[in-house]
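Q: Sequence:
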Amino acid sequence: MNEARLAVRSLAATRGPATLFRELSFELAAGEIAAVRGPNGSGKTTLLRCVAGLTRPDHGEIQRSGALLFSGHLPGIKDDFNAEENLCVALRMRGLQPGEAAIHGALARVGLESRRRVPARRLSAGQRRRITLARLALDDAKLWILDEPLAALDADGEAVLGQLLARHLESGGLALVATHHDLPLARAAREIRLQP
Numbered sequence: 052m053n054e055a056r057l058a059v060r061s062l063a064a065t066r067g068p069a070t071l072f073r074e075l076s077f078e079l080a081a082g083e084i085a086a087v088r089g090p091n092g093s094g095k096t097t098l099l100r101c102v103a104g105l106t107r108p109d110h111g112e113i114q115r116s117g118a119l120l121f122s123g124h125l126p127g128i129k130d131d132f133n134a135e136e137n138l139c140v141a142l143r144m145r146g147l148q149p150g151e152a153a154i155h156g157a158l159a160r161v162g163l164e165s166r167r168r169v170p171a172r173r174l175s176a177g178q179r180r181r182i183t184l185a186r187l188a189l190d191d192a193k194l195w196i197l198d199e200p201l202a203a204l205d206a207d208g209e210a211v212l213g214q215l216l217a218r219h220l221e222s223g224g225l226a227l228v229a230t231h232h233d234l235p236l237a238r239a240a241r242e243i244r245l246q247p
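Sequential numbering from 52 applies to the sequence shown in the numbering used here.
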């Protein structure tokens, strides 16, 4: 079985006349995590979208092995669906068919079991973000690409994310995370610093 890997070589991206980054190179292997940091507008989201294959870079090469899961800075959930339905739809779109017990377990793990049938529009921003955390708990992708996953989370939610990341890395996964905050992990993440 091949281990998950990510290699970025000489990557460059622009937005209009502005160069966001150029000659950016880094590698991640199984069990590794990198935090992408920089001020607003420095290209963090663009880098993540390039690595995920959602945006084409101007130059450079991206090699990755293993399935990937991209979670954007917005939770990506439907307001009229409840937590359970949002989770089912997101996983089915990825070809996953989790059972009811697995879904309930994931929602309990992120603190939403008692709110699983409440429409998302009636949940707080932090509770909506926890639906995306439950998705992480059930997805088998080896490469997690997370854009501001700590947004709207309280201390308990941050701890849940830390547990999910730790388990993912221990199982041979890798993660690329854009954030302005310290990641809730016992070990330090490698840092990729972008400047405007």
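The set of hints was computed from the structure by calculation and includes no laboratory data.
Since this is a predicted model, take the numbers as computed values, not measurements.
Some clues are possibly wrong.
Beta-carbon label-pair distances, calculated as ranges [stated by the list, open to error]:
(1) G104 / H232: 45 to 55 Å
(2) G127 / N91: 33 to 43 Å
(3) A217 / A58: 20 to 30 Å
(4) A217 / G104: 22 to 32 Å
(5) V140 / A58: 15 to 25 Å
(6) G104 / D191: 13 to 23 Å
(7) N53 / F77: 33 to 43 Å
(8) A217 / D109: 10 to 20 Å
(9) A152 / E112: 39 to 49 Å
(10) E54 / S165: 14 to 24 Å
(11) Q148 / Q246: 36 to 46 Å
(12) G150 / D233: 33 to 43 Å
(13) N53 / L147: 16 to 26 Å
For glycine and all other residues, C-beta sits at the position ideal for the given N, C-alpha and C.
Q: If a hint holds in the structure, say so; if it doesn't, say that too.
A: Evaluation of the provided hints:
1. For G104 and H232, the Cβ-Cβ distance of about 26 Å falls outside the hinted range of 45 to 55 Å, so the restraint is violated.
2. For the pair G127 and N91, the beta carbons lie near 21 Å from each other, so the given range of 33 to 43 Å is not met.
3. In this structure, A217 and A58 meet the distance hint of 20 to 30 Å, their C-beta atoms being roughly 24 Å apart.
4. Range check, A217 to G104: Cβ separation about 26 Å, and the 22 to 32 Å hint holds.
5. The supplied range of 15 to 25 Å is broken by V140 and A58, whose beta-carbon atoms lie about 32 Å from each other.
6. Checking the proposed 13 to 23 Å range against G104 and D191 shows it holds: the Cβ atoms sit about 18 Å from each other.
7. Here the CB-CB span from N53 to F77 is close to 20 Å, at odds with the stated 33 to 43 Å.
8. Look at A217 against D109: about 35 Å separates their beta carbons, and that is not inside 10 to 20 Å.
9. With their beta carbons about 42 Å apart, A152 and E112 fall inside the hinted range of 39 to 49 Å.
10. Checked against the hint of 14 to 24 Å, the pair E54 and S165 fails, with Cβ atoms roughly 39 Å apart.
11. Under the hint 36 to 46 Å, the C-beta atoms of Q148 and Q246, about 44 Å apart, fit the expected range.
12. Distance hint for G150 and D233: a CB-CB separation of about 35 Å, consistent with the stated range 33 to 43 Å.
13. A hinted range of 16 to 26 Å holds for the C-beta pair N53 and L147, which are about 20 Å apart.
In this structure, the hints that do not hold are numbers 1, 2, 5, 7, 8 and 10, in rising order.
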